[in-house]
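With chain A held as given, fit chains B and C onto it using these hints.
Residue numbers (my numbering), protein chains in the order written: chain A, 1 to 308; chain B, 1 to 287; chain C, 1 to 302.
Bear in mind the hints are in silico, worked out from the structure with no lab data behind them. The beta-carbon is built from N, C-alpha and C at its ideal position, and this holds for glycine as well. Mixed in with the good hints there might be a few duds.
[Said to hold, decoys possible] Using 27 Å as the maximum straight-line C-alpha spacing, the simulated DSS-like pairs for lysine-lysine come out as follows:
hint	chain 1	residue 1	chain 2	residue 2
1	B	Lys179	A	Lys299
2	A	Lys299	B	Lys176
3	C	Lys59	C	Lys206
4	C	Lys144	C	Lys296
5	C	Lys206	A	Lys144
6	C	Lys114	A	Lys299
7	B	Lys174	B	Lys231
8	B	Lys153	B	Lys179
9	C	Lys59	C	Lys299
10	B	Lys153	B	Lys174
11	B	Lys65	B	Lys231
12	B	Lys231	B	Lys44
13	C	Lys46	C	Lys206
14	B	Lys44	B	Lys65
15	C	Lys144	C	Lys206
16	A	Lys21	C	Lys114
17	C	Lys46	C	Lys59
18	A	Lys21	C	Lys206
[Stated by the list, open to error] Simulated restraints on C-beta separations:
hint	chain 1	residue 1	chain 2	residue 2	range
19	C	Asn68	A	Thr60	52 to 58 Å
20	A	Thr238	C	His291	51 to 57 Å
21	A	Leu36	B	Ile93	24 to 30 Å
22	C	Asn68	A	Leu46	39 to 45 Å
23	C	Ser150	A	Arg64	29 to 35 Å
24	A	Thr116	C	Asn68	39 to 45 Å
25	A	Leu46	B	Ile93	52 to 58 Å
26	C	Ser63	A	Ala302	24 to 30 Å
27	A	Asn140	C	His291	30 to 36 Å
[As the list claims (entries may be wrong)] A few chain B residues that don't get close to chain A, going by computed Cβ distances all over 10 Å:
hint	residue
28	Gly152
29	Asp157
30	Asp280
Residues per chain, in single letters:
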Amino acid sequence: MARSAAQAQDAYLERSQRNDKIATGVLTLIVGLVMLIVVSMVLFILSQGIETLFKPGFLTEASRANGTQGGVAYQLFDSFYLLILTLAISLPISLGGAVFLVEYAPDGPITSIASTAIETLSSLPSIVVGMFGFLVFSVNFGWKYSILSGAVALTMFNIPILVRVIQQALEDVPASQRDACLAMGLTRWETTVHVLIPVAMPAIVTGVVLSAGRVFGEAAALLFTSGMSSPVRLNFFTLNFASPTCAWNVFRPAESLAVHIYKIYGEGSPEAQTIVWGTAALLMTCVLLFNVAARIVGKALARRMTAE
Amino acid sequence: MSVETSAVETDSTSADFMASVSSSEKQNRVSGFAISDEVVLETKDVNVYYGNHHALHDTSLAFHKDEITALIGPSGCGKSTFLRSLNLMNREIRGCRVDGEIEYRGHNINTPSENLYELRKSIGMVFQQPNPFHMSIYDNITFAPRRHGVRGKDVLDQMVEESLRGAALWDEVKDKLDKSAFALSGGQQQRLCIARTLAVHPDVILFDEPCSALDPISTLAIEDLMRNVVKDRAIVIVTHNMEQASRVSNRTAFFYMGDMVEYGETEQIFQRPNDARLNDYLTGMFS
Amino acid sequence: MAKQMPKRNLEKVGLGVTGACVVLVTLVVLALIIMVAQKGLSAFFKDGVNIAGFFGGTKWDLSNSDQNGMPYTGALPLIVTSFSVTILSTIIALPVSLGSAIFAVEIRPRFGSKVFQPLIELLTGIPSVVFGLIGFHVVVGACKAIFGVSTGLGILPGSIVLAVMILPTVTTLSIDALRAVPDGYRQGSLALGYTRWQTIWHVVLKSALPSLMTAVILGMTRAFGETLAVRMVIGGIEKMPTGLLDAASTITTTLTTSMAVYAEGSAQDDILWALGLLLMGMSLIFILIIHLIGRKGAKARG
Numbered sequence: 001m002a003r004s005a006a007q008a009q010d011a012y013l014e015r016s017q018r019n020d021k022i023a024t025g026v027l028t029l030i031v032g033l034v035m036l037i038v039v040s041m042v043l044f045i046l047s048q049g050i051e052t053l054f055k056p057g058f059l060t061e062a063s064r065a066n067g068t069q070g071g072v073a074y075q076l077f078d079s080f081y082l083l084i085l086t087l088a089i090s091l092p093i094s095l096g097g098a099v100f101l102v103e104y105a106p107d108g109p110i111t112s113i114a115s116t117a118i119e120t121l122s123s124l125p126s127i128v129v130g131m132f133g134f135l136v137f138s139v140n141f142g143w144k145y146s147i148l149s150g151a152v153a154l155t156m157f158n159i160p161i162l163v164r165v166i167q168q169a170l171e172d173v174p175a176s177q178r179d180a181c182l183a184m185g186l187t188r189w190e191t192t193v194h195v196l197i198p199v200a201m202p203a204i205v206t207g208v209v210l211s212a213g214r215v216f217g218e219a220a221a222l223l224f225t226s227g228m229s230s231p232v233r234l235n236f237f238t239l240n241f242a243s244p245t246c247a248w249n250v251f252r253p254a255e256s257l258a259v260h261i262y263k264i265y266g267e268g269s270p271e272a273q274t275i276v277w278g279t280a281a282l283l284m285t286c287v288l289l290f291n292v293a294a295r296i297v298g299k300a301l302a303r304r305m306t307a308e
Numbered sequence: 001m002s003v004e005t006s007a008v009e010t011d012s013t014s015a016d017f018m019a020s021v022s023s024s025e026k027q028n029r030v031s032g033f034a035i036s037d038e039v040v041l042e043t044k045d046v047n048v049y050y051g052n053h054h055a056l057h058d059t060s061l062a063f064h065k066d067e068i069t070a071l072i073g074p075s076g077c078g079k080s081t082f083l084r085s086l087n088l089m090n091r092e093i094r095g096c097r098v099d100g101e102i103e104y105r106g107h108n109i110n111t112p113s114e115n116l117y118e119l120r121k122s123i124g125m126v127f128q129q130p131n132p133f134h135m136s137i138y139d140n141i142t143f144a145p146r147r148h149g150v151r152g153k154d155v156l157d158q159m160v161e162e163s164l165r166g167a168a169l170w171d172e173v174k175d176k177l178d179k180s181a182f183a184l185s186g187g188q189q190q191r192l193c194i195a196r197t198l199a200v201h202p203d204v205i206l207f208d209e210p211c212s213a214l215d216p217i218s219t220l221a222i223e224d225l226m227r228n229v230v231k232d233r234a235i236v237i238v239t240h241n242m243e244q245a246s247r248v249s250n251r252t253a254f255f256y257m258g259d260m261v262e263y264g265e266t267e268q269i270f271q272r273p274n275d276a277r278l279n280d281y282l283t284g285m286f287s
Numbered sequence: 001m002a003k004q005m006p007k008r009n010l011e012k013v014g015l016g017v018t019g020a021c022v023v024l025v026t027l028v029v030l031a032l033i034i035m036v037a038q039k040g041l042s043a044f045f046k047d048g049v050n051i052a053g054f055f056g057g058t059k060w061d062l063s064n065s066d067q068n069g070m071p072y073t074g075a076l077p078l079i080v081t082s083f084s085v086t087i088l089s090t091i092i093a094l095p096v097s098l099g100s101a102i103f104a105v106e107i108r109p110r111f112g113s114k115v116f117q118p119l120i121e122l123l124t125g126i127p128s129v130v131f132g133l134i135g136f137h138v139v140v141g142a143c144k145a146i147f148g149v150s151t152g153l154g155i156l157p158g159s160i161v162l163a164v165m166i167l168p169t170v171t172t173l174s175i176d177a178l179r180a181v182p183d184g185y186r187q188g189s190l191a192l193g194y195t196r197w198q199t200i201w202h203v204v205l206k207s208a209l210p211s212l213m214t215a216v217i218l219g220m221t222r223a224f225g226e227t228l229a230v231r232m233v234i235g236g237i238e239k240m241p242t243g244l245l246d247a248a249s250t251i252t253t254t255l256t257t258s259m260a261v262y263a264e265g266s267a268q269d270d271i272l273w274a275l276g277l278l279l280m281g282m283s284l285i286f287i288l289i290i291h292l293i294g295r296k297g298a299k300a301r302g
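Just chain A, with the same shape it has in the complex (with noise of 0.2 Å):
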């Protein structure tokens, strides 16, 4: 009898660690899996894609025949002009509405209501956000498919979560430091600027870099704003701003690297081919910039900040 209970146990104790072996392999397999197809996605877009992207004239050239030849050299300064302009609007936005979460938010309604609805704002797909934005700004506003349009759809796109990693960062500064400034009589927004903002930057500059990434790489929300025509010719050197083919010009149609991709990836030329690759991998490789980008100057800043 006892000698059974003891078999029981062991057998018990077995199937245990048995399951464990088992629960472990599979696991670890899942992970490879993951890891396998990540690394394959990477390689295979830049493999596909490597030899258009240094072929000569790729990244110098203006795309012909509504982009089924060519070059990318307009779509790659269109991405970068978005880029910029969302930047400048969404960063000084988000900052300020972050500051105020972090550091005035009175509790109640307001703050509440706010919160919710920067939170809604960040679920919403971004096919609603393009539609808001072709209604208000281009069809409204009278702004028609421009670059403008674009980056202001890009900005309430990019705002929720910047909002959040400048929230996350300044939450994260020590509360002491907080409580030194005030306690010498400094306002909050004294001990913000010169005190929190410095100590969270290497935090918010990594996150900016990282939103930076998906917004190069948003499209869906750009379809009805910026649209989808190429500009044939830009001329960067006139300051008539007014011009359409001013490449300053925030008024004139612009189309960014991953619009380019959707409107021609399934053209069957050959040549529109090599080229859907090629700008595949030209903005694989600007978001793997962007990736090791905000993670080199993030470690810069809080090893400048802490060393001296």
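What follows is chains B and C alone, placed relative to chain A:
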């Protein structure tokens, strides 16, 4: 690299400290007794609430010029809450309400119209953890004064030297004023925080367990410093360390569960406590 | 002494400037919700589209009109397709995400935080058109070859692509959820003689359940609203799907192809806004569910 250097320097200076500490111990034997009648800061029936929680009941205390007052008591007794009421820092905590009168130089400061920013220049505060800013030593001292409108390199230079000398830190850091404050040792950082507070010439300095994160030698240095800077101002210190209270303070108040139970000259509080709870606390029945 | 703004005014300026940012964002969001709702509802109240027909009808064709001169506005095929890809992609992604999260937190924490998490976060950064492109060439091609169908477009490739896209969201949030379980729980369970796997299954996952559910719902929110990647692999034919490899169209993909085609204010335009309203309504419902889970979790913790 810098960490190692500062560690070595701390060691070389600690001997000096021991010397200076013991010498000033000898001249400064007055602690334990009241020495002044001039009240700088006074509270009348102060109550503090966190939301619905009544954290401090009807506390009335007076703080005198040239004197150090210690607030002692077990954790959660309300002593830090009370301390943070004195410079209205509790207003920075959401849901916290302070009732009652807090008179600074005869005028009630616990009013909505009180200018917090001017007040906090007069009533400085030093915290539990050394909390220098992520700036150079020089900028740590000048940051607040510059924000308060002090200008001119000569003025600022002089202020830095005075404050650092006042905090007995000048000799250790005068050659590295442009170095980050985080390169200093913990004790040096805390003295820097005191120097930073001295730079705005406060009338009262509140210390919230200033030595609880420090080693014994640094602790003695801070205590010595308090005795030096108390001249012409009032100091209030919250401490868990009863020896510290008995070493540095002129008067002591004992808090227990949100009540100020007993208040008197330090010598009397420690030698002849009236309240049974205070007696139990002093004899180590609870802590 | 230089002249300076009094502190009290400075604080008011700070409060005003930052408060204005928050108010601006809030107003824009409110404007968005109101405008989408107003445009979407006008399809029913102004143009007289039948609500029951919208949710129940199976014929969607905006370019042709029925005998009453109204376009065909039965959105059920789109709704069914949208939910199919969302649910199917969640079913594919969930075990993988959860398994990876368990591995990265419980089994190899160092590897998890140093190697696996940066890698998976890289996936978040890949633009959706790139996912679509790979899906179009690799996944669709594979479906065609494996199942011997003519195009290989449809709900299945759409769900696979979406599964990979929501993988980082669900995995990262699950990792956070598991990390938040106090170590004491694990040590207590191990001290009672449970194996690591039993500990994970009975103790860790159980206590992280509300956060894990939030992670899954956020993944579903993303899958439901995703547009271009799905558009590139699903075929874009607005009819009731009959199989997983049948060209179909989701709410979002129909919007992509039809929006901005019809004149502003036309019945066709309004009905597309009704689809937009449906999308917005779904994401609001997802948020609501997350809040309810959070509130329940908070109540359970006391």
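**Message:** For a quick check of understanding: which of the numbered hints are violated here, in increasing order?
**Reply:** Failing hints, ascending: 3, 4, 5, 9, 13, 15, 21, 22, 26.
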